[in-house]
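> These are the residues of each chain, in order.
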Amino acid sequence: MVLDPIPGFDELVDREWQRLASPGATMSAAERLRVAAAARGDRPDDLTPEARAARTIHDAPATITEDWIADLTADGLAIERYVEVLGVVARLRAVDTTTFGLGRSRRPLPEDVADDVSDDAPTGQLAVDAAYDGAWLPTVGPAWPPSILSALPGELAGMHDVHDTLYLSAAPGGVAPSMAELGAVRDGLDRMQMEFVAARTSLINDCFF
Amino acid sequence: MLRASARHLDHEIDLTGVGSVVVDPGLVGGAEIGAVTEAVVLRDEIERDVAVQRSVDVIGAEATARTIAVAGNFEMMNRLLDAAGVGPTVEMRPIGDLIGVPLPDRFLPEG
Numbered sequence: 001m002v003l004d005p006i007p008g009f010d011e012l013v014d015r016e017w018q019r020l021a022s023p024g025a026t027m028s029a030a031e032r033l034r035v036a037a038a039a040r041g042d043r044p045d046d047l048t049p050e051a052r053a054a055r056t057i058h059d060a061p062a063t064i065t066e067d068w069i070a071d072l073t074a075d076g077l078a079i080e081r082y083v084e085v086l087g088v089v090a091r092l093r094a095v096d097t098t099t100f101g102l103g104r105s106r107r108p109l110p111e112d113v114a115d116d117v118s119d120d121a122p123t124g125q126l127a128v129d130a131a132y133d134g135a136w137l138p139t140v141g142p143a144w145p146p147s148i149l150s151a152l153p154g155e156l157a158g159m160h161d162v163h164d165t166l167y168l169s170a171a172p173g174g175v176a177p178s179m180a181e182l183g184a185v186r187d188g189l190d191r192m193q194m195e196f197v198a199a200r201t202s203l204i205n206d207c208f209f
Numbered sequence: 001m002l003r004a005s006a007r008h009l010d011h012e013i014d015l016t017g018v019g020s021v022v023v024d025p026g027l028v029g030g031a032e033i034g035a036v037t038e039a040v041v042l043r044d045e046i047e048r049d050v051a052v053q054r055s056v057d058v059i060g061a062e063a064t065a066r067t068i069a070v071a072g073n074f075e076m077m078n079r080l081l082d083a084a085g086v087g088p089t090v091e092m093r094p095i096g097d098l099i100g101v102p103l104p105d106r107f108l109p110e111g
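As they're listed, the protein sequences go chains U and L. Residue numbering for the first sequence follows my numbering, beginning at 1 and increasing consecutively. Residue numbering for the second sequence follows my numbering, beginning at 1 and increasing consecutively.
Worth flagging that the hints you see were computed from the coordinates, not collected in a lab. Take these hints with a grain of salt, some might be off.
Claimed, not checked - Computed beta-carbon distance windows for the label pairs:
#1 L:L42 to U:G141: 28 to 38 Å
#2 L:V50 to U:D206: 23 to 33 Å
#3 L:M92 to U:S118: 37 to 47 Å
#4 U:V185 to L:G100: 20 to 30 Å
#5 U:V175 to L:R54: 30 to 40 Å
#6 U:A78 to L:I46: 35 to 45 Å
#7 U:W68 to L:R54: 35 to 45 Å
#8 L:E12 to U:D42: 44 to 54 Å
#9 L:G100 to U:Q125: 38 to 48 Å
#10 L:R3 to U:D119: 48 to 58 Å
#11 L:P104 to U:D119: 39 to 49 Å
#12 L:R93 to U:D119: 45 to 55 Å
Bear in mind the structure is a predicted one, so any value in this text is a computation, not a measurement. Don't be surprised by glycine CBs; every beta carbon is placed ideally from N, CA and C.
Here chain L stands alone, though its shape is the one from the complex (with noise of 0.2 Å):
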């Protein structure tokens, strides 16, 4: 869907920034938001307050907690899918190497 909506918006993105913290992804206050979110899902208390602190700065408080709420659904959906057994189909599978992160094994097709 990032692929999507920046194909959508004719912006030009990088999406191996997804998988490193030290590639630039290409949006606005792309570390910032990256930065949140990982302080948040891994509720790690002293990041975040520092994390909050420079997105509220960069792209303001709303959308900061925009972006707090959209990590929290997804806390929600990928439960749902590794539980329920959904992962990956096979038009999906190159999605791994394009965000510089290799499926896991237990998603490769056996053989």
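Pulled out of the complex, with its shape left as it was, chain U reads as follows (with noise of 0.2 Å):
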């Protein structure tokens, strides 16, 4: 069965694969569509620290340590990249579990089909002003959901778009309702059932926040 998607999901999806298709804060565009990549399973043989990351956040995010990351940046994968990693993996997870639930093939990547990719450097776009306050990356004033990204502008403004997409907007006076609104509805399913799915799946991924 293939499900019509919720108002705004393909236009997200354009978006993203247009964030994969260029520059990061620290990654080249080509580089994020390595780690995309590797965290689908299609570079197994990728051994590099971005590669291991990529795979890890996308399959056993649950399994992850401050040691863990202690040996990939040891291992030459500044804390700045891990972040930038992260955020792609993330959202890339994100759209492709919601492309699986629709019941529709997983789209490939702009690599695949020769997209428009984008040679530029790395913009080097970073927080000055992020800290280690509460988490094992620097974030920019303490650790929570909303700034975990933080300390990469580009890959923050990347999570919300996703976040207001496919959920809620996590501050008031944006595109959909916000998550202060406890009574919010959207597309027919109330507040306590999008908590329920919340709740569900932090548990199926074993993620206890």
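With the hints as a guide, bring the two chains together.
This is the structure we're talking about:
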């Protein structure tokens, strides 16, 4: 059975694919696409720390420890690149899970179809005031769900784009109802039903936040 | 947030329905929504087709599509939290017992 997607989903995937095909703060578009492919299991022989991080974040995030991240950084993965890998993989997982649930085929990555993939160098756009504050990676302000990717503003903006489209806006004033609206309803699904989905998803993923 | 939204709407729910598929959480379509969520997150193609059809029959196609999207969003958020080492706060720790799934040792205070 193939379902029609929620409003805005196809446009969200277009934007996410554009983000993948563009340079990030620390990685070129080609590097971001290799990370995405590794996360999908398409590059099993790629043993770079970026690919190893991508596979674990995608497949077994609850097994991640501070020591494991330290091993990656010792192997040459700067913590800012780890944050970028995290942003790319986490958003890809959101898009792929939703696509699967709708009964659709997985969309090929941009490099697979020779789309316009940027040759530009990484942008270098990092938040200068990011610091370690309650997490294993630097954040702007205390570590909290909306701030986890805040060391890289481009990754953070991408997260909010996915969050707003699939669920709710983190803050009032966005295009979607906000998380502060405990009586929000989207497409007939009320807030309690949404939070039940969130809790069950987190339980399956062994995530206890 | 489930408990907060239920309180806001003055709705009685059974939080242990989060941790147990045999407990009715007291939500419209709760069993069907839970089954869709499991099938989608576990990428179970056979279960997905059955669960989605049943969910569409109970809550409709649009709400089922939103269920899938919300699961997708939390696939992202779970990874961000676990990969950053951001676990439950002290205030959140009792929630494990409330949903019938005690917190793993890694989240408990040492000693």
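> Now tell me if each hint is right for this structure.
Going through the hints against the structure:
With their beta carbons about 35 Å apart, L42 of chain L and G141 of chain U fall inside the hinted range of 28 to 38 Å. Between V50 of chain L and D206 of chain U the Cβ separation comes to about 25 Å, which falls inside the hinted range of 23 to 33 Å. Distance hint check for M92 of chain L and S118 of chain U: the Cβ-Cβ separation is about 41 Å, which falls inside the suggested range of 37 to 47 Å. Under the hint 20 to 30 Å, the C-beta atoms of V185 of chain U and G100 of chain L, about 27 Å apart, fit the expected range.
Take V175 of chain U and R54 of chain L: their Cβ atoms lie about 31 Å apart, and the range 30 to 40 Å holds. Taking 35 to 45 Å as the suggested C-beta distance range, the pair A78 of chain U and I46 of chain L conforms, at roughly 42 Å. Our hint of 35 to 45 Å for W68 of chain U and R54 of chain L holds, since their Cβ atoms are close to 39 Å apart. The given range of 44 to 54 Å is respected by E12 of chain L and D42 of chain U, whose C-beta atoms sit roughly 47 Å from each other.
Against the hinted window of 38 to 48 Å, the Cβ-Cβ separation of G100 of chain L and Q125 of chain U comes to about 44 Å, which satisfies the hint. Between R3 of chain L and D119 of chain U the CB atoms are about 50 Å apart, so this pair conforms to the stated range of 48 to 58 Å. A C-beta distance of roughly 45 Å is found between P104 of chain L and D119 of chain U, which places it inside the suggested range of 39 to 49 Å. Between R93 of chain L and D119 of chain U, the C-beta spacing of about 49 Å keeps the proposed range 45 to 55 Å intact.
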